[in-house]
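Chains as they are written, first to last, in UniProt numbering: chain A, 1 to 302; chain B, 1 to 645.
Among the hints, erroneous ones may be present.
What the hints assert, rightly or not - Partial list, computed: chain B residues near chain A (C-beta under 7 Å):
#	residue
1	Phe393
2	Leu400
3	Asp401
These are calculated hints, taken from the structure and not from any lab test.
Since we're looking at a predicted model, the values are computed, not measured.
We put the CB at the ideal spot given by N, CA and C, even for glycine.
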Amino acid sequence: MSATVPEAARPAPGPRGGGRSPAPVRRAWAAVGEAGLRVVAIGLVAFLALALVGPPLWGKDPLAVALPDALQPPSAAHPFGTDELGRDVLARFLVGARISLAVGVCAVFASSVVGTLIGAFTGLVGGVVDAVIGRALDGVLAFPALIMGMALAVAMGPGPLSVGLAIAVTGVPWYARTVRSEVLSLRSREFIDAQRVLGAPTGHILTRHVLPSVLGGVAVQASLGIAYAVLAIAGLGFLGLGIQPPTPEWGGMITAGRTYLISGQWWMSIFPGLGILALVTLSMALGEGLRDHLDPHGKLRR
Amino acid sequence: MNLHGSEPAPASAGAVGATGRETLLRVRGLNVTFGPAADPIRSVRGVDLDVRSGEVVALVGESGSGKTVSALALLGLLPAGARVTMDEAVLAGEDRAAMSDEELRLLRGARVGTVFQDPLSSLNPVQRIGDQIVEAIRLHRRVGVREARRLAVARLAQVGIPDPERRCRDYPHQFSGGMRQRAMIAMALASSPPLLIADEPTTALDVTVQAQILDLLQELRRELSMGVLLITHDLGVVGRVADRVVVMSRGEVVERGETEQILSRPSDPYTVRLLDSLPRLDVAKSAPPAAGDAAEEIALETSGLEVVFSRRRGPLGGRALGVRAVDDVSLTVGAGRTLGLVGESGCGKTTLGRAIVQLVEATAGHVTIGGTRLGGESARRLRDLRRHFQLVFQDPRASLDPRQRIGRILEEPLALHGLCGDGEQRRRRVAELLELVGLGPEFATRLPHELSGGQRQRIGIARALALEPSLIVLDESVSALDVAIQAQILALLERLQRELGIAYVFISHDLAVVRQIADTVAVMYLGRVVESGPSEAIYRGPRHPYTAALLSAVPVADVRRERARERIALHGDPPSPADPPSGCAFHTRCWLRRRLDDPAVCTTTRPALGGRADSSQHRAACHFADRQAALLPASLLGATQGASA
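One chain only, chain B, in its complex shape (with noise of 0.2 Å):
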C-alpha cells in the first residue's frame, strides 16, 4: 500500500488492521480542472484524503477553497466539462479509478451516503418523506415495499423523528429545517453505507438544531462505525465533531492533522489566519464603551412594538389568523452604541428590524428615532425622515438592482434627497463613500456580479451611509460571508461606528459574532424579547433558560474546552409562531423547568421581562430566573471564566 502520504497513516491503513479501522475513503492526488485546456482553472490540485471507520474527518476551507468540489469529484457528481484525475483511489474498499459510471451509480447510496446542505432543495416536494425513503432503500436492496416501508420507519426513528409511523406520509414542506436534514440523513443511511460524505450538513440550520445533527452524526459514528468525511466552513463544529483535519486552501490542501493539533497549534498561515478571524464566544467587543453613562443620548427607542400579520382565510373572509410576529418589543439604543438582536429563525428579529426602518408597519407601539416619534406621518415626510435610519440587508446580491452600476446606485440615494446638488460635487461624494468602505474609485463603473460577496456587502453599506444616518439596522448582514471576510466588515463596521457615531442594531442568529460587536444584547424567542442587558453580563451569566441553551449550542473552535463542556440539550423545534404554547412561550423546549419538576406557573402565566435588584439593566422573562444561576453547567461557554468560576 501507498503510505507516501504527507500524514502518518497507520501501517495497517487499507485493511482491518489492530484498530478494528478500515480504509473507507482513499484518495491521492487528485486533481480537478474546468475550462478550456488551453487556459484551464485548476479546482483541486494534489489532494490527498483517508477515511476510516469510526472516525470522522473534516473538510475545512472557505468557499472557493476547493472541498465541495473534490467531494463531488469522489462521487462522479461533477458536471461533464469537469476533467478529473486521481493517482490512486479506493472509496468504501472498491477502486474508485477503475469504476464506471454505473459502478459508481451503485456505489453511491449502497456504500456511500451523502447529506447536502440545503435539506430542501434535496428533497422531492411533491413525494412523502416514507416513499422517498423508501425509493432509496429500493435501489439499492431487493426488498419488497413493506419490508422496505418498515426499514424506512426504523431510520427516521435512528435518526431521532418523534413518531416515525406517522412522520412517513408527510411531505418535505410539513418538516421543520432540522427535521428535513434527519430525514435526509435518514435517506442517507437507507443501505447502511459505512462511508457518510456530509457537505455543510448544518450550515442552514439554526444552532441549538445543528447541535442536535451533529449529536446525531456523532452518535452513528459511534454506533455504526461509520466513517463521516464532514465538509464545512466552520471550525467551532470541527472543534465539536471531528477526530482529524484537512484545511484546503485554493485547491489545496495547507495543513492536516489530528483536530486538537490543529485547532490549538496550527502550523500553516493560513490556518493560523481562519482561526483568527473566527468570531469567538468568550472574548467580547473590543473597545467596550464606558457603561452607566447615564446622560446617553438616545439613538432608537421602541415601547410596546408589536406587529401581527393578518391572513383571511379563504375569499370570504372568516376566521382571520393572526402571526404575533413581534410581541410588545421595548428596546433602547445608545447613540453610537450597538444592539446586538439575537435569536433563532423564525423568532421575529428580522420582522422587528423592518418595522424600526418603517418596511413594515406595526400594529401597536411606536418606533422613536433621534428624538422622532414615527408613525402616522405622511408619506412624503416618512421618506424625508428615512434619511436618518437605513438598512442593510443580508443579501446584497440581492439588494442591489443588477442592472445599476455602483456609481449609479450610491449617487441614487443622493438624488432623493437633494443632497450634493452637481453631478461634480456628487462623484466626488460616491468616491468618497468608496473609499470609507475600503474600495477604490475604480468600483463606480462596476456592475454589482463583478464584484465579489464581502466587496458588494461593503456597497451596501456604503449605500447606508451615503445618507449620514443616525442608526443602522444590519439584518445578518455578515452571515453569509467567509469568516475571514466577515471579521473584516465587522472591524470596518466598528470603524465607521467610532467614526461616525453611528448606532446599530445588529441581527444576527451567530451569538460568537454579536459577542464581538455588540455592547447590548437581546434575546428573542416566538416574537418577545425574552433577556436583554448589557452584552457581558449575558455572555457571562445568562438568566433565561433559552439564552443559556443558545450559549451551550454554539460549537467552539478549542477542542479541549470543546469536549469537556457540559452541554444544555434543547430538544425539538421552536413552535409554530402562529400558534404559540400558552404562558412562558418557551416552556415547551425548557430544560430550567424540567429540573425544577414542572411548575405550574410556567404554562399558564405569561413571565414580564424582569430586572434583578442589583443589575436594573440585566432582565430576563422568567419565572425562575434567579434560581438559574445555580443550575447552570459550570463550563458554560467552553470558556475561560467557566474554569475559573
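Okay, chain A solo, but in the shape it has when bound (with noise of 0.2 Å):
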C-alpha cells in the first residue's frame, strides 16, 4: 500500500472557505471580521457623540426662521444647506439625530426589558398563563408599529410620547417570544436538571444558567430593533403622525424637502435620508456581529 500521497496529487486548497485556507489567512480573516464589529462600534460611538455634543458646537439655532436665507444650497456658512424657512439644514438634521436615538433608544430598552420579562415569566410558568399571554402578545403582533403609531397619535395626540410608546409596544412580543422559545430550549436541557440535583434554589438557576444564555440574543435583537425603530420614528414623522413640527425630526424633514426635490433642492431631503441610512445600518451591522460574536460555535471565537 502506499501510505503517502505525492504532494502534486493533492488538490490545492482552493479559494473559498476560510475554514480550510492556509492559517495566516485564517488568522488575517478572523482579525477582519473582529475589526468588522469594531468600526461598527466606532461609528455607532461616533454617531451618539454627534448627536449628544453636536448642536452646541455647530451653534446654529434649529428653528431659526430666516426668510432671506430660503432654499440656499450647500455652502460654508450652510454645509446641509437651509430649508424653506431659511432654517439651517445641519443644526436640524443633528437635533433630529439626538431625537432618533433617543426615541429609539429609549423605546427599545424599555420593550426589550418588558419583553424580557413576559418572555422568561410564561416560559418559566408555562400553562394557561403562557397560553393567554401568548394570544394576547399574538394580539399585539398584529399592529405594525405605523398604525400603532397612529392609533396613538389619534388617541393621545402626535408627540415623541406617543411616538416611542407605540414602538415600545410593538416591540415587546418579538422579546418576549425570543425569550421564552430560548427559556423552553434551556429548561429542557440537562444541566438545568444537574443545578436542581445539585440543590440550587430556583432563582440562582435563573440568574446564574438561565439569563446569561438568554442576554445574548436579546441584545441582538435590540440592536436590530433600533434600526427597526429610526425607520418607525421617520415613517410617522414622514406621514404627519410622529413628533410634530416645528422640532427637528428626520421624517418630517424629508416631508417637507419632498415638494423641493423636482425644483432641485435636493439637500432638504437627502440629508436626514442619509443620516436614517446610517443609523440603520450601524445598528443592523451591530446586531449581526454581536449574533456572530456571542454565538458560542462562531468562526471569530478562538
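Starting from the two chains in their separate frames, assemble the complex, guided by the hints.
Right, here's the structure in full:
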C-alpha cells in the first residue's frame, strides 16, 4: 500500500472556504471580522457623540427662521444648505439625530426589558398563563409600529411620547417570544436538571444559568430593534403623525423637503435620508456582529 | 490484478472465481485528509479493503479511528473540504477512481445500498415510509408508480415488517426504532444492490431489537448473497455476524483477518487492548463483597414507588391519559453496594432514577435514602437533603453549563451548600476532586467543550462527588463512551466506591457493563421490576423469560461460543407503556408462554415478584419462573458455565 500521497496529487486548497485556507489567511480573516465589529462600534459611538455634542458645537439655532436665506444650497455657512424657512439644515439634522436616537433607544430599552420579563415568566410558568399571555402578545403582534403609532397619535395627540410608546409596545412581543422559546429550550436542557439535583434554588438557576444564556439573544434583537425604531420614527414623521414640526425630526424633514426635490433643492431631503440610512445600517451591523460574536460555536471565537 | 494487499486474497479476486464469489469492493491505499494543506489532518491513511459477495466484513475501531470517514469517502459523500486519494478502487464491479460525481451518484442506491446509525434522522419525517421507498426505487429503475409500490411492499415484507401493505402508509414517527431501521434497510435494498454498507446500524437500538436486525443482515447475506461492509465499534456484534474483520486505529488499519482469529488470537496490541476493555457477560465484578451480611446498612430503599405522567386531552379537559412509567417498584441498595438497573428503552429505568433523586415527583410510594424518608418536605429542606444523593447524567456535554469553566462548575455545589467557606479552601477542594477522578488541577480553567467525552464524564462524576453523597444514581453514564474509556470510568467508579463507600444505582441497557459493576440487579419491563436479585444468580440462572431473552440477545466477542449459542428470539417491539397488555405485561412477546402452550393465567393475572424457597433474594415476576430453568438453552450466555452445565 502507498501510505503517502505525492504532494502534487493533492488538490490545491480552494480560494473559498475560510476554514480550510492556510493559517495566516485564516487569522487575517478573523481579524477583519473582529475589526468589522470594531468599525461598527466606532461608527455608533461617533453617531452618539454627534447627537450629544453636535448641536451645541455647531451653535446654530435649528428653529431660527430667516426667510431671506430660504432654500440656499450647501455652502460654507450652511454645509447642508437651508430649508424653505431659511433654517440651517445641518443644525436641524444634528438635533434630528438626537431625537431619533433618544426616542429609539428609550423605546427599545423599554420594550426589551418588558419583553424579556414577560418571556422569561411565561416560559418558566407555562400552562394557562403562558397560553393567555401568548395570545395577547400575538394580538399586539398584528399591529405594525406604524399603525399603532397612528392609533396612539389620534388617541393621545402626536408627539415623542406617542411615537415612543407605539414602538415600545409593538416591540414587546418580539422580545417576549425570543426569550420564551430560549427559556423553554433551556428548561429541558440537562444542565438545568443538574443544577436542581445539586440543590440550587430556582432563583439561582434563573440568574446564573438561564438569564446569561438569554441576554445575548436579547442584545442582538435590541440592536436590530433600534434600526426598526429609527425607521418607524421617520415613517411616522413622514406621515405627519410623529414628532410635530417645528421640532426637527428626520422623517418630517424629508416630507417638508419632498416638494422641493422636483425644483432642485435636493439637500433638504437627502441629508436626513442619509442619516436614517447610516443609523439603520450601523445598528443592523451591530446586531449581526453581536450574533456572530455571542455564538459559542461561532467562527470568530477562538 | 493487484495482489500485494497485506491479507491473503484469493487468486480469483476481482472476478467470479471458483467459489462463486465476486469482489464487490476493492480499495487500495485510501487516503483522506482534511484541513489546510500546510497542516493537514490525515483522517484515513493507506487503507485497503475487500468485500466479496456473500460475506460480511466488519470495519472496527473507536470513535475517530476513521472507519466512517473511509466508507463515506468510497461513496463520495464527504464534505467539499475533504481530499480523497486512492491507488485503486473497484466499487460494485466498476472503477471508482475514474468515476464522475454523477456516475457515483447513480451507483449509490443502485449498486451500493447504505444504512446509517440513526434511522430517525435518515428518514424524511413528513413523508410516508412507502413513498420514500418508492422514490428510492424509481431513482434507479424505470418502473411505474404502481410497480414501484408493489416492490416497496415486497421489500418491507422482506425485512420483516408485519402487515407491509398497511405500514407502507405510515409516517416514520409511527414506526419504532427497530422498525425504522428495518425500513432504512428496505430502502437500501430498493434496487437489489449487491453491496450494502451499514454504518453502526444497531448502535441506537435495544439488544433484543439489535439481535433481530443482525439476524436480518445474516439472512440477506445468505439469501441474496450480498456483500456487507459493517462499520461498528461493538466487537460483540462482530463476533456475531462478521466473516472477516478489519481493525482501524487513528486512520490506519492495524490488523485484519478472519473474525475468529482476530477475536481469539489478536496480534496487534491495539486490538488486544480493545478486547481486554470489553465488558463481558461471563466475567463478574472483580471483587464481589461478602454476601449475606444481614447487619448491612441500607443506603436506598424504595417501596411501592409509582410515577404516572398524566396529560389531559385537549384544552377542555376530557379523559386524562396516564402513562405509568414506574409501577410499584420496591428496591433496596446496601451502603457501598451497586444496584444495576437494566431494561430496554422506554422501560422506565431513567424515570425511576430521576424519581429516586427527586427530579421527578413520585405519584405513590416513597423513597428512603440513608434512613431519611423523602417526600412532603419543604423545598428548602429538600435542597439541603440533596447533598446526600446525586445523579450523573448520560451526556456530560448536555449536563455541564457550556459557558462555565470546570473550576466554577465544581465550586458551585460547594457554594450552594455552604461547604468549604473561603475561596482558597474551595480551590483546594476543586483540585482534590479533580485528582479523585484522575484529572490534573490545570483542568479547572478549561471549558467543557475543550474536554474529551471521557474527561467530561469524569467532571460529571467529580461534581456529584463534591457533596460527598452516600448514593449516586448513574443514568447510562458510560453508554456514550468508547469501550476503553468506558473501562477506565468503570474502574474509577469501583475505586471511588471502595474508598468512599458510596452506593450506586447503575442504570444501563448494556447487560455486560452491569455484570461488571453491579452486586445486585433489577430488570425492568414496562415500568415494573420483573426480576431482581444478586447479580451472580441472575446472570447464571435467570428466572424470568424476559431476562433470559435479554441475556441471550447480547452478542459476545467470541466466535465459537457466539455461533454455538442457542438463541431465544424475542419478536416485535416492547408494547407502549401507555397501553400495557393485560395480565403479565410480557405475555405478548414471551417465548416461555409459547413453549408452555399459552396458559391462560398469563393474560389474566399479573404475576407478583416472588422468591424461591432456597433463595429468597432472587425474585421474579413470572407464573412459571420455576419451570423456566429446564427450558433454557444450555449455552445461554455463550459462556463457560454454559458449557460446563
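Here is what the structure says about each hint:
{"no.": "1", "hint": "Phe393", "result": "5 Å, holds"}
{"no.": "2", "hint": "Leu400", "result": "6 Å, holds"}
{"no.": "3", "hint": "Asp401", "result": "5 Å, holds"}
In this structure, every one of the numbered hints holds.
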